[in-house]
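Colleague: The primary structure of each chain is shown beneath.
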Amino acid sequence: MEERVWVERAQHGDQAAFARLVEVYQGPVYNLAYRMLGSAQDAEDAAQETFLRAYVQFDTYQPERRFASWLLSIAAHYCIDQLRRRRFAWLPLDDLPFLAWIGGREAEPEGAALQREERDQVRQLLDHLPPNYRLVIVLRYWYDLSCQEIADVAGLTESAVKTRLYRAREMLAQGLTAQATTALPARPEGAIEEARSVLSNC
Amino acid sequence: MSCRTVSAAMSLRLDGLLDEAALARLDAHLASCPACAARWQAMQQVSTLLAAEPLALPAPGFTERVRQRLAALPARQVSWPLVVRPRVAVVAGLLAVAALVALAWSVAILLGQPVSLAAIALAGLKSLPTLAATAAGLWRVGRLAVDLALTTPSRLFLLMDCLLGLLLLTLWVRLIRRPVTGQVLMRN
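Protein sequences, first through last, are from chains A and C. For the first sequence, the tail end lands on 222 under this note's numbering, and the numbers increase by one without skipping. For the second sequence, the tail end lands on 193 under this note's numbering, and the numbers increase by one without skipping.
Next comes chain A alone, as it looks inside the complex:
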């Protein structure tokens, strides 16, 4: 059955159709929230909140608009609002390089460790972008949306999207360069044991 039919049914109060839409769009909505907010718990809350708002505000949906764009715009506005409410700049423990160096994850397989490092790197890069710039980058790379589609979701003009994309990419490139120059040297052999023995003697 076409998505349009599911949406129409959900709009007229068909609960099974709405549940179907949640099932289909849970991934895209959750991913947007996760990339914007940076934590699994916050993303779960934001994704749930997005669907609640969609359900409650279903009458504001215009059928000529793409349903995915409408849903993602609800998620995007919610996430940006959450980020603006964060009054303090939290520094996650993972951002403290010496902790990762001392603690180590020696039992982790090499492939998994590489994936985790890349994931952490992406998260750290995104964390340094202002919310509005982060949004256009997330929509561009994870959803492969055109500038016009991003404009529709973010409530911007197409030229504003292009400007934000290039400024965001500039910031990301600077962040990547900074990461490369501040990277710690490889952990020396026996460093963990040495650190543990020092700590145990305290």
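These aren't lab readings, by the way, just hints derived from the structure by calculation. Only a predicted model underlies this, so the values are computations on that prediction, with no experimental measurement involved. Heads up, the beta-carbon is just placed ideally off N, CA and C, and yes, glycines get one too. There is no bait here: all hints are sound.
Derived DEER-like restraints, expressed as beta-carbon distance ranges:
1. C:ASP152 with A:THR80: 39 to 49 Å
2. A:HIS148 with C:CYS8: 16 to 26 Å
3. A:ASN152 with C:LYS131: 46 to 56 Å
4. A:SER166 with C:ALA33: 20 to 30 Å
5. C:ARG148 with A:HIS97: 45 to 55 Å
6. A:GLN144 with C:ALA33: 26 to 36 Å
7. A:ARG104 with C:THR175: 39 to 49 Å
8. C:THR53 with A:VAL44: 26 to 36 Å
9. A:THR80 with C:LYS131: 33 to 43 Å
10. A:SER59 with C:LEU130: 51 to 61 Å
11. A:GLY175 with C:LEU62: 18 to 28 Å
12. C:THR10 with A:HIS32: 49 to 59 Å
Please build the complex by placing chain C on the supplied structure of chain A, with the hints as guidance.
Modeller: Here is chain C on its own, set in the frame of chain A:
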């Protein structure tokens, strides 16, 4: 192409939006400017890194958790959403106002007052704050309406008009707002 404008061109190139001529100018600039070439390399690396990141997925059972949250919402939070049906609201609102004016007109006729729409509207507007501010005023108006309805020869007409006004008001509220409840989803 200058170093100041080259970032925008790099970004457009990553999106496949740069035409041939601009592409050639960008390449020429990159070949002669090591700083911009390094920035271009970093932009490409970031782009590759982001493009390779998979979609993050919620923990299993997400739909069920949404159902539970919908069901747990207090009814008032979901039962009266702001539903925008501007055309219906305007038309129904005008009809309701027309019915209320007709009601006021008929009351004025029954009371033997001169029939003037402007006078009715003015009197209505002037009396609104007083009526709203004093329960006694509302009580007096209520009693007067009941007395009129029971004693005047045109009481049937007056009652019909009152009912029409009430009906239109109810319809207006129902038309511009649609009740939605979380519990409905839960029952499925």
